[in-house]
Amino acid sequence: MSEATAEVSYLEHGHSLKSWLLTTDHKRIAILYFLSITLFFFVGGAAAALIRIDLLTPEADLMSNEGYNRAFTLHGVIMVWFFLIPSIPNTFGNFLVPLMIGARDLAFPRLNLLSWYIYMVGGLFTIAVLVLGGVDTGWTFYTPLSSMFANGNVILAATAIFVVGFSSILTGLNFIVTVHRLRCPGMTWGRLPLFVWSIYATSLILVLATPVLSITLVLIAAERLFGIGVFNPALGGDPLLYQHLFWFYSHPAVYIMILPALGVISELVATAARKPVFGYRFVAGSSIAIAILGFLVWGHHMFVAGQSMYASAVFSFLSLAVAVPSGIKVYNWTATLYKGHIALDPPFLFAMSFIGLFVVGGMTGLILAMLAVDVHVHDTYFVVAHFHYIMVGGTVSAYFGALHYWWPKMMGRMLPLVWGRLSAIFIFLGFNLTFFPQFILGYLGMPRRYHVYPAEFQTLHVLSSAGASVLGLAYLLPFTYLLYSLRHGGKAPPNPWGATGLEWTVPSPPPQHNFHELPTVDGPPYQYPVEVDGEREAAHG
Amino acid sequence: MRTIAPLLTVWAALLALLGLTVGASLVLTGTPSLIASLAIAGLKAALVVWVFMQLRREGGLMRVMALGAVFWLLILLGYLVLDYATR
Amino acid sequence: MADTAQARQRETTLMGMYLFLGSEIMLFGGLFAVALALRLMHPQEIVAASKHLHYGIGAANTVVLLTSSLAVALAVAAAEAGKIKGTVVGLQAGAGLGIGFLALKAVEYVSEYHERLLPALAPPEAFANPAAHLFMDLYLIATSLHAVHVTIGVGLLAGLALRVHHRSLALPRQATGVEVVGLYWHLVDVIWIFLYPVLYLVR
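Residue numbers (the UniProt record's numbering), protein chains in the order written: chain Y, 1 to 541; chain D, 1 to 87; chain X, 1 to 203.
Hints listed in this document are in silico derivations from the structure and should not be mistaken for laboratory results.
The structure displayed is predicted, hence computed values, not measured ones.
Where a beta carbon is used, it is the ideal one built from N, C-alpha and C, also for glycine.
Do not rely on the hints blindly, as some may be mistaken.
[Claimed, not checked] Just some of the chain D residues that point at chain Y, by a computed CB distance under 7 Å:
1) Trp72
2) Ile75
3) Leu76
4) Leu82
5) Asp83
6) Thr86
7) Arg87
Please construct the entire structure, taking both the sequences and the accompanying hints into account.
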């Protein structure tokens, strides 16, 4: 180990701007992504703040109708394509996949850098949309609104998403080939960390679903520019065809957003319980099952849109089936925790809040998947609350859990545990206060995307906005103490949490080429407990 | 020569199939015509993939990688047929 | 040892290329989905509209593209055998035939323009019914997107021929480079193999 620590870390290897912007090191590219998506997280968050302030009163007093439409569209577009989809795969996936499988980099390092640049070009288009006044179609770009009536920058926004799609495709392709080709000796498929399994499953969706969105956006642009009419019934087209093509991508995209989070939680739970993951094969297999089933359920977004009843029935049944692999994961995490020696460190608190919120989000998804009930709650705040429980309560909690868990590895500095615990608790409370009232609002009939509403809904809306301000502050909190830790945090040992996995066998931060000598694996993953000689106590003071 | 001969054979077969599909389209109408043209296109594509793209000499994994997208495309097309045919 | 490392590298590169081609299949797959939906919604009108297309030019273009695929397949075989001359000739023939395809396509577009069949340039009233207009829209988008791919492919083939000619791509050591571009070219061919009957031969 002493020999390895003498190596220069990836952070110390060149300090010039050029050494960062032209790097092909997967760890540095991960940091580039981290900085860019953090920026977009706060831009999207600012749009959410505007929405919640406007909804404090039943009247339209902060924004015009048009302005409100632009605010929620921007919130959706930025959060979906510029934060959630790249969040865990492109930061932690990039940083960790090679380390976890015992490789020196991804299979195509230069392609990896290219994919970041493509992401940034897409981001610049989005900023241009923002500066030029926004777009008002909702993140779904439904026709005929987007193709005929919307007067915002639809084509520019579509271009931004088209461009960022290629970044997704290249990243997914890179991960798939890396996992197939670069595993170190002894790292069989049955020994892969569960995080790698989930990134692999996510990558399948990235490569196969994203192109369909790209071509659909081309059709939207052509429809707007030349009036080709593919989605216009007056010209012989069909608006439902748009919804089919859009959701063929966008429903699997939901799994692009949640699968990496499920992988993170498997890692966090095993470390927190100091036990092997219960039913490893089932947890790994359920990731692949979710990725495949995810392609078979998109029509549940169209139950009331006029698709055939037979198609609806099939889509409904298969949507309910997604609960099986999701349930396997939750039960197996619970079984892993059973009789574990649980340490209440910040990452684990995030994992616990993830499990609770994911269960609520998942169960309400089942309610929405039922044909009869969906008629009542379709396009209401019930749906808004449901997907925020999965996307924000789930994915963003897992993202913060991952950030706290791997921060010492990425930056070589320990973070203040007390503050970490506090922010996990505040995020959990703020989140529930924001979104639980929205379930009730939706059930009572409050439609989504309206900012003028009947006075009797005001109490619930005020509660929700109050929660949002707690949540907003709670999201800012980690960035203050994480920045603080960069300068003042204690030096991180290689394995501060006492975890298994190859990434914890190298120094923190890892040397430029990851491994002094390529490791060899000779046993199953998650062989807890790990003896770290009181390293954890020493590290955390 | 051993690598070139199958390429030339396949090329000749592809041209013959092209003639067949044009001919079939002039003779057949309706569903049989659709089935014939798609079946011939499938056969031509298979020849290109198998011999020109040399998928025949790759292992099972590579074949799955190359043809996996076709399966996903069939999911998309299959559901569309289900919806439009029963609406 | 060097050989196995090379074989490993080749397999990695090919896997990446096949996945990329999978994403291309899905990109055009969206257009095939639109074609399917139109056909299911307006069967008679689509059949009538398709009869206006020049299936003869389409067939000639299919011959051109299939032959260029053969040329590229021969180039790959030559590259693997380390034959520089054969590789260059095969790649140049493939690129030349690709240009021929584009030229024929241009002739076809021009004649369709004169027959007032080309949407965007002809008023919607020129078409028998909205579905016919829609079909020609789809035809134009699908064939022009395909033409963009052919253009990229021609550029790749020509560039590769230059690199092989100037020995900046060493054969047969770096034959994978030729093989990968060949795969892309064959896929462009396969897409045309499906576009041709779906657009031209609907009867």
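For each hint, the structure was consulted:
With a cut of 7 Å, the hint placing D/Trp72 at the interface with chain Y holds, because the nearest CB-to-CB distance is about 5 Å. With its C-beta approaching chain Y no nearer than about 6 Å, D/Ile75 sits inside the 7 Å limit, and its interface hint holds. Taking 7 Å as the C-beta contact cut-off toward chain Y, the hint placing D/Leu76 at the interface holds, the least distance being around 5 Å. At about 5 Å, the closest approach between the beta carbon of D/Leu82 and any beta carbon in chain Y falls short of 7 Å, and the interface hint on this residue holds.
The beta carbon of D/Asp83 comes within 4 Å of a beta carbon in chain Y, closer than 7 Å, and the hint placing it at the interface holds. Hint status for D/Thr86 relative to chain Y: holds, with the closest Cβ pair at about 4 Å, below 7 Å. A distance limit of 7 Å between C-beta atoms decides the matter here; for D/Arg87 the minimum to chain Y is near 4 Å, and the interface restraint holds.
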